[in-house]
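Student: These protein sequence lines map, in sequence, to chains A and B.
No gaps in the numbering here: position 54 of the first sequence is 54 in the UniProt record's numbering, and each next residue is one more.
No gaps in the numbering here: position 347 of the second sequence is 347 in the UniProt record's numbering, and each next residue is one more.
No lab work stands behind these hints: they were computed from the structure.
It cannot be assumed that every hint is accurate.
[Stated by the list, open to error] With the C-beta cut set under 10 Å, the calculated list includes, among others, these residues of chain A facing chain B:
#	residue
1	Leu25
2	Gly93
3	Pro224
4	Gly337
Even glycine gets a Cβ: it sits at the ideal position worked out from N, Cα and C.
Now for the letters of each chain:
Protein chains: 2
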Amino acid sequence: MISYTEALEKILSEVRHYPSELISLDQSFGRVLCEEIKSDRDYPPFHRSAMDGFAISSQNYTPNQVYPYHRELPAGMSMDLEKDEKAIRIMTGAPVPEGLDVVIKIEDANLMEVNGQKQVSFSTKEIKPWLNISKRGEDLKTGDLVLPKGIQIGTSVASLLASLGKDKVSVVKAPKVHIISTGNEVVPIHSSPLPFQIRDSNSYTIKSILSKYKIQPESVTHVPDLESEITKQIQIGLEADILILSGGVSMGNLDLIPSILQKLGVELIFHKTAIKPGKPIWFGKRKNTIVFGMPGNPFSVQTCSRIFLEPFLRESYGQNQLPSYKLPYHGTKQRKGGLTEFFPVQLETKDNTYLKPISFNGSGDVRAGVFSDGLGIFPSDLSQIQKGDTIDFLPW
Amino acid sequence: MISYTEALEKILSEVRHYPSELISLDQSFGRVLCEEIKSDRDYPPFHRSAMDGFAISSQNYTPNQVYPYHRELPAGMSMDLEKDEKAIRIMTGAPVPEGLDVVIKIEDANLMEVNGQKQVSFSTKEIKPWLNISKRGEDLKTGDLVLPKGIQIGTSVASLLASLGKDKVSVVKAPKVHIISTGNEVVPIHSSPLPFQIRDSNSYTIKSILSKYKIQPESVTHVPDLESEITKQIQIGLEADILILSGGVSMGNLDLIPSILQKLGVELIFHKTAIKPGKPIWFGKRKNTIVFGMPGNPFSVQTCSRIFLEPFLRESYGQNQLPSYKLPYHGTKQRKGGLTEFFPVQLETKDNTYLKPISFNGSGDVRAGVFSDGLGIFPSDLSQIQKGDTIDFLPW
Chain A
1 MISYTEALEK ILSEVRHYPS ELISLDQSFG RVLCEEIKSD RDYPPFHRSA MDGFAISSQN
61 YTPNQVYPYH RELPAGMSMD LEKDEKAIRI MTGAPVPEGL DVVIKIEDAN LMEVNGQKQV
121 SFSTKEIKPW LNISKRGEDL KTGDLVLPKG IQIGTSVASL LASLGKDKVS VVKAPKVHII
181 STGNEVVPIH SSPLPFQIRD SNSYTIKSIL SKYKIQPESV THVPDLESEI TKQIQIGLEA
241 DILILSGGVS MGNLDLIPSI LQKLGVELIF HKTAIKPGKP IWFGKRKNTI VFGMPGNPFS
301 VQTCSRIFLE PFLRESYGQN QLPSYKLPYH GTKQRKGGLT EFFPVQLETK DNTYLKPISF
361 NGSGDVRAGV FSDGLGIFPS DLSQIQKGDT IDFLPW
Chain B
1 MISYTEALEK ILSEVRHYPS ELISLDQSFG RVLCEEIKSD RDYPPFHRSA MDGFAISSQN
61 YTPNQVYPYH RELPAGMSMD LEKDEKAIRI MTGAPVPEGL DVVIKIEDAN LMEVNGQKQV
121 SFSTKEIKPW LNISKRGEDL KTGDLVLPKG IQIGTSVASL LASLGKDKVS VVKAPKVHII
181 STGNEVVPIH SSPLPFQIRD SNSYTIKSIL SKYKIQPESV THVPDLESEI TKQIQIGLEA
241 DILILSGGVS MGNLDLIPSI LQKLGVELIF HKTAIKPGKP IWFGKRKNTI VFGMPGNPFS
301 VQTCSRIFLE PFLRESYGQN QLPSYKLPYH GTKQRKGGLT EFFPVQLETK DNTYLKPISF
361 NGSGDVRAGV FSDGLGIFPS DLSQIQKGDT IDFLPW
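The shape of chain A in the complex, shown without the other chains:
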């Protein structure tokens, strides 16, 4: 049985690259950029006043020198100096006129009016060129590479794209995904299950994960454990870019999925990996279609989605992987068996930030992941985790 890291490597080596589409910036939040973005001009595009105050020249400045002035320059306008003009009242965001190189803030100015002539002086002892001015091009120069492909459009990126005038952006097009849940015991969520039946929660788990990647699945189906029905649905499912199955991959003799997949020419890449929960996971491909066969327990599906499906999607989108953290764990664990174990934990902050265990009854517990912030990892080569030990943490 292959290890967690081997399984992840095999999955990541099967990534597919999906085409791009051009959409409006308004619709792009959370999507992943599919083009390199270069600066369309210098930023700031002009020597910009960072304060409300007076623009003057640093040359020959002496404290308490009196400057006559008669003009005000707001943001959104520009001015050329007139003959003998040595000071201009200037607003934040306005372009500092050529010939001036300092802005003294209004709080440091002494305003006077003598014979109808406005005047100003400053007690500031010493001034250096470019005081309170954001120089043209100091943030970015025309043509600078600003954003690489593969970056997700969060708030700061959306703000930058808007500044750069990108009202349309090229983003990764969502792949076509089919979801099939299996199992005679599984019924649709709006029905009243018989005592020995359960509702189909796994489709919702998977749809929720996909929604993080702005994927709306093309079809979501449930099939009973009937070879002909499963075969028919999988044949349809194999027309998608990604087919995600849940249930039917463990040891029971009604677990038909692996044999049907192989009959339909889906190449097995691995079946089973040394993890808990999620051990029976099946992974394979047929041409461009990737097939994830997830186990049927709710927490197994949540875990497999987080540790395998999400990394696959991110790599396919050209994104960095979600970071894993190393934080102190305020609980203990003893090794039972040789599997890498994933368990729900909560983040808590007192003097520092640490992880706190959450109690649950195994992978079939319908509320296992609720109230957790992510998964702690108990690696297979550790015999125990002691209170305060640093462990890996994968946020949801």
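Following the hints, position chain B against chain A.
Tutor: Just chain B, lined up with the frame of chain A:
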């Protein structure tokens, strides 16, 4: 000037509670639950086999005892024991028949066939009642409170709601939001700005933040610094639940917003707070409408949105606040002035997880927050941060 924490308290004491709406679970990902959810039945709803194997009774068990068997019980069906029936082949997820209380996994079973009679024995030395069985009600009992109001519908919650049969859920209805950006220097993002103009990035910053809370603003407008125009747009904006302005709140004499707001009967709650960036922020209310007047610089808007607007929305939604973390900072900072400072940082993990500084040129820098994972906080009462010191961190 009030402090950061005083400003935040004043904002949080003005929260409004928005009505609920009933939507399908499919559409609810990322929304916030507005009803308490109770368990509709016991979970598991039956004594559920956790393994593929054989169901037997723990009473009078001895190792290597031979059990005849002739029936198989898959998940999705139930069986009553026949007279003298002592063992049933059982699948994961199937209900353990009454009278049996142990499942021995298939890997530990010795299968035989004697004169056409199927038999099984187990070498397992000792078995305890309920081995490999998830007992009815061990996760949840009928009527248990499972989810409180105010929880966000992430993957684990969506999975649980589906298990419980909640195909429709009551969620907080998004408030009506109007966005107005101001400033003569600001032009729409699809236009080619003159050298002394900049594009309206702040509307996108705010729209992106709102999208995290599933809010689609009702209107997004830009107005030049013209009293009549601003007045007209603010009057319309005051019909919303939340009016968010950007620009026009600092010291410049074209910064008309505060005076217009007060003329229109908006009660000032505070103007200016001891933070950097974002110091000029204006906050007030008129009847049920809350007004945020944000400064004009891109990074100031990102910061004010994260530290003030998001907490306001979360509190209004009945959600917990986003956690703040305390992590070691791998940089240094010296105090200049008495403001609480927010600065972009990156998370990095080697032996442990720490924060790394990102260089930027102040709040006007269009790429300040890009590539950052959140904001570090340099509190006003600290004189310096030394490498390795633990600081507060607010993830984006």
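Student: Quick one, is the Gly93 of chain A hint okay against chain B at 10 Å, beta carbons?
Tutor: At 5 Å from the nearest chain B Cβ, Gly93 of chain A passes the 10 Å test, so the hint holds.
Student: Is the interface hint satisfied for Leu25 of chain A? The criterion is a beta-carbon contact with chain B at less than 10 Å.
Tutor: The hint holds - Leu25 of chain A has a Cβ within 10 Å of chain B, the shortest such distance being about 6 Å.
Student: Against chain B, is Gly337 of chain A within 10 Å by beta-carbon distance?
Tutor: 13 Å, violated
Student: Measuring from the C-beta of Pro224 of chain A to each C-beta in chain B, is the shortest one below 10 Å?
Tutor: 8 Å, holds
Violated hints amount to a single one, hint 4; each of the other numbered hints is respected by the structure.
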